[in-house]
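Peer 1: Work the whole structure out from these sequences, hints included.
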Amino acid sequence: MKFFHHVDRTSRLFSGLFPYPLTSNLPVFPTSFVPVVFFLILSLVALEGCASHLSYYDKLSLSLDQGDAEKADQIVAASKSYYGSTSKLLYLMDRGMTLHLAGHYEKSEKFLEEANEMVDDLYTRHLHNEALSLLVNDTKRPFRGDPYEQVLINVINALNYARVEELEEALVEARRVDHRLNVLADTVEEQDYHDDPFARYLSGVLYEANGDLNNAFVAYRNAYEAYQQNQTWLEVPIPHRVKLDLLRITQRLNLTQEHAEYLQAFPEISWRPPSTNDQAEIVVISYLGQAPRLEDRFIDVPISLDALALLLYTKPLGRGQPQRAGGGDAVLYGLQGEIVRISLPRVVPQKTHVEYGQVAVVREGNQETHRTELMENVTAAAKKNLADRLPSVTMRAVARAALKLSTAEGIGYGVSAVGKDDETRNLIHGVVSTLLKVLFITTEEADKRSWRTLPDKIHVSRFSVPSGSMTLTYQSLGQHGERIGAPVEYPMTLQPGETRFLTVYTAE
Amino acid sequence: MNMIRQVSWFGVVLSVTVFLTGCATEKRVTRVDTGVTTDLSGRWNDTDSKQVAEKMIGEMLSRPWLNQFATREGRQPVVIVGNVQNLSHEHINTQTFITDLEREMTNSQKVTFVADKSERKEVREERADQAIHSRENTQKAPGREIGADFMMKGRITTIQDEADGTKAIFYQVDLELVSLVDNTKSWYGQHKIKKVIERKRMLF
Numbered sequence: 001m002k003f004f005h006h007v008d009r010t011s012r013l014f015s016g017l018f019p020y021p022l023t024s025n026l027p028v029f030p031t032s033f034v035p036v037v038f039f040l041i042l043s044l045v046a047l048e049g050c051a052s053h054l055s056y057y058d059k060l061s062l063s064l065d066q067g068d069a070e071k072a073d074q075i076v077a078a079s080k081s082y083y084g085s086t087s088k089l090l091y092l093m094d095r096g097m098t099l100h101l102a103g104h105y106e107k108s109e110k111f112l113e114e115a116n117e118m119v120d121d122l123y124t125r126h127l128h129n130e131a132l133s134l135l136v137n138d139t140k141r142p143f144r145g146d147p148y149e150q151v152l153i154n155v156i157n158a159l160n161y162a163r164v165e166e167l168e169e170a171l172v173e174a175r176r177v178d179h180r181l182n183v184l185a186d187t188v189e190e191q192d193y194h195d196d197p198f199a200r201y202l203s204g205v206l207y208e209a210n211g212d213l214n215n216a217f218v219a220y221r222n223a224y225e226a227y228q229q230n231q232t233w234l235e236v237p238i239p240h241r242v243k244l245d246l247l248r249i250t251q252r253l254n255l256t257q258e259h260a261e262y263l264q265a266f267p268e269i270s271w272r273p274p275s276t277n278d279q280a281e282i283v284v285i286s287y288l289g290q291a292p293r294l295e296d297r298f299i300d301v302p303i304s305l306d307a308l309a310l311l312l313y314t315k316p317l318g319r320g321q322p323q324r325a326g327g328g329d330a331v332l333y334g335l336q337g338e339i340v341r342i343s344l345p346r347v348v349p350q351k352t353h354v355e356y357g358q359v360a361v362v363r364e365g366n367q368e369t370h371r372t373e374l375m376e377n378v379t380a381a382a383k384k385n386l387a388d389r390l391p392s393v394t395m396r397a398v399a400r401a402a403l404k405l406s407t408a409e410g411i412g413y414g415v416s417a418v419g420k421d422d423e424t425r426n427l428i429h430g431v432v433s434t435l436l437k438v439l440f441i442t443t444e445e446a447d448k449r450s451w452r453t454l455p456d457k458i459h460v461s462r463f464s465v466p467s468g469s470m471t472l473t474y475q476s477l478g479q480h481g482e483r484i485g486a487p488v489e490y491p492m493t494l495q496p497g498e499t500r501f502l503t504v505y506t507a508e
Numbered sequence: 509m510n511m512i513r514q515v516s517w518f519g520v521v522l523s524v525t526v527f528l529t530g531c532a533t534e535k536r537v538t539r540v541d542t543g544v545t546t547d548l549s550g551r552w553n554d555t556d557s558k559q560v561a562e563k564m565i566g567e568m569l570s571r572p573w574l575n576q577f578a579t580r581e582g583r584q585p586v587v588i589v590g591n592v593q594n595l596s597h598e599h600i601n602t603q604t605f606i607t608d609l610e611r612e613m614t615n616s617q618k619v620t621f622v623a624d625k626s627e628r629k630e631v632r633e634e635r636a637d638q639a640i641h642s643r644e645n646t647q648k649a650p651g652r653e654i655g656a657d658f659m660m661k662g663r664i665t666t667i668q669d670e671a672d673g674t675k676a677i678f679y680q681v682d683l684e685l686v687s688l689v690d691n692t693k694s695w696y697g698q699h700k701i702k703k704v705i706e707r708k709r710m711l712f
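For the protein sequence lines, the chains are A and B, in the order given.
Letter 433 of the first sequence, counting from 1, is numbered 433 in our numbering, and no numbers are missing.
Going from the second sequence to our numbering is simple: count from 1 and add 508.
It is possible that part of the hints are untrue.
[Claimed, not checked] Mimicking EDC-like on lysine to aspartate or glutamate, the simulated pairs with C-alpha atoms at most 16 Å apart in a straight line are:
1) A/K110 / B/E598
2) B/K675 / A/D120
3) B/K675 / A/D296
Think of the hints as simulated: they come from the structure by calculation, not from any bench.
The model shown is predicted, which means the values in this text are computed figures rather than measured ones.
Peer 2: Below you can see the structure in the form of structure tokens.
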């Protein structure tokens with residue numbers, strides 16, 4: 001009975017995959033080839049292995065938790081082979097970030113520049129990887145990074161250049177951010193992630209530091225609009241700093257109408273034109289905590305498009321409307337009624353305990369303090385990006401599971417042909433197909449790769465100071481004003497008109 | 509029965525696809541002439557730098573300002589290269605481009621080319637060192653440098669457009685010759701390069 005049931009189901013599978021009968025055109029597949037297929041599939045399973053991502057990232061995370069970016073970088077550097085060829089981009093990104101956090105800005109520039117080039121190259125997909133991902137799991141595809149991660153490659157690299165006072169080169173990264181976001185906006189749906197207000201704001205700061213006030217104004221305005229338009233997922237209130245900078249730059253450019261409009265739009269800001277005599281500027285970029293990690297979420301799915309639609313509606317996985325893929329539809333149609341196990345990625349936040357940072361500037365015995373302000377919530381961006389791509393990830397996972405299931409059944413039947421009677425054949429078929437199903441389930445794994453060395457949040461403090469010598473002290477503070485981490489001191493001498501960029505990292 | 513064969517065939521086709529398309533590519537190194545144009549990534553490269561320098565300096569030296577200066581002053585103009593700003597989307601090593609400009613000017617024999625600020629500093633240090641350590645008859649005296657008549661300044665800008673894997677990059681190089689006497693601009697040159705980079709969505 002089982003034998004006939006199986007034949008019936010595979011018939012339906014292929015009636016879905018191919019709209020016309022293949023049997024009349026295809027040569028008969030010799031039974032002797034069946035063990036070969038079996039071997040090939042087993043080889044793939046063996047190649048896949050069950051390597052755990054935890055041990056490596058646990059070590060890396062621990063070093064970052066301890067604020068030891070130098071050690072974190074050594075761990076990443078020593079683990080290049082761990083990333084493998086499919087995650088080379090992730091290696092470059094992790095290496096670029098740990099070097100940046102460790103203060104090796106010029107080395108970090110090289111890794112992030114290579115990462116930037118690789119993102120472009122990865123536009124081209126290779127059939128080998130796509131086919132392998134259909135047989136094993138999505139980790140067999142090259143890591144391309146989510147759009148927010150691709151934008152942050154340029155943002156972090158811009159800060160690398162800004163830290164070593166190469167503003168012209170930092171502006172190259174700002175232009176790349178603009179181009180990347182423009183291309184993204186043309187490519188994705190309007191409700192999908194397509195803008196990064198912090199990246200826009202930072203571009204404005206860099207343009208202004210380089211004396212290009214027109215482009216700075218455009219960037220601040222784009223940042224303000226991006227904060228406004230993406231409030232549903234950003235988890236960042238529109239920063240005061242952006243409003244202040246819009247008022248300041250419109251006044252400097254004598255854009256009286258725009259200045260008046262912003263004054264009206266920001267009644268909470270008490271505007272006072274800043275002093276410009278012999279002033280220098282300090283921009284403190286504060287990285288807080290660690291970016292979220294992705295973990296597996298196993299779900300048993302009955303194979304049918306209606307069930308899949310229900311899954312996407314009822315589980316908080318993403319937007320309601322699943323995207324229908326032609327091939328996926330066909331496979332699912334052929335396996336109606338079967339239950340398969342799929343694994344989908346989910347975001348696990350690693351929230352920082354820091355509420356804000358305090359920057360104290362001591363100059364000739366006088367002290368003034370400034371607070372940092374939240375500008376970028378990386379965890380929120382990760383959630384948004386995953387939600388955007390989850391419908392297609394889910395469809396691919398279900399299609400893959402269906403293919404694995406049908407392949408296990410098919411091979412089970414093929415191998416069973418060596419049996420002498422029906423009873424033996426049924427037994428062989430049962431054992432082989434069950435064994436294969438178990439092996440296929442063990443290879444099912446969500447693509448959990450993400451840029452985990454990024455921070456959870458990015459804060460900014462920007463203020464003018466009279467030029468000259470001073471000491472700046474940064475301290476992270478918790479929700480109740482408690483100190484988190486050790487204070488960091490920066491003695492410095494600033495020239496009139498100079499903009500000095502500082503980056504600080506608090507792991508907790 | 510036929511359906512089962514198809515299942516096996518499908519598995520074989522997919523597996524063979526994986527194995528065949530996964531073959532490693534062989535690394536090959538070919539030595540080529542430095543004059544050969546090699547457009548690999550589409551980014552600004554040595555060929556762009558060399559060609560733009562050749563064309564722009566050639567154009568500069570064919571303009572009337574050169575003869576006008578020679579007639580008025582009775583000598584070749586003395587030129588120095590200042591800064592070439594990178595306002596593009598790429599990290600262009602402008603120093604390489606400046607060196608190409610300097611080489612073209614020097615080899616033209618139509619202008620006298622003097623060392624820039626950092627080079628002058630090094631030369632002056634050497635001269636000061638000679639004053640202490642060299643034999644008197646071989647020492648070079650200070651105050652005999654030739655001051656430049658013109659400074660060449662410029663910028664490299666790009667405009668990018670991209671859709672569906674095809675990227676168009678438009679480079680514009682602007683150079684100008686500013687008189688150090690009165691800040692007048694004696695020559696303004698512009699050179700444009702347009703590149704289209706096409707990437708395939710899928711490769712076997």
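Peer 1: Now, for every hint given, state plainly whether the structure supports it.
Peer 2: Hint check:
With a C-alpha separation of about 13 Å, the suggested pairing of A/K110 with B/E598 holds against the 16 Å cut-off. With a C-alpha separation of about 10 Å, the suggested pair B/K675 and A/D120 falls inside the 16 Å cut-off, and the hint holds. Of the supplied pair hints, the one linking B/K675 and A/D296 is violated, its CA atoms being roughly 37 Å apart against a limit of 16 Å.
Violated hint for the displayed structure: number 3, the only one.
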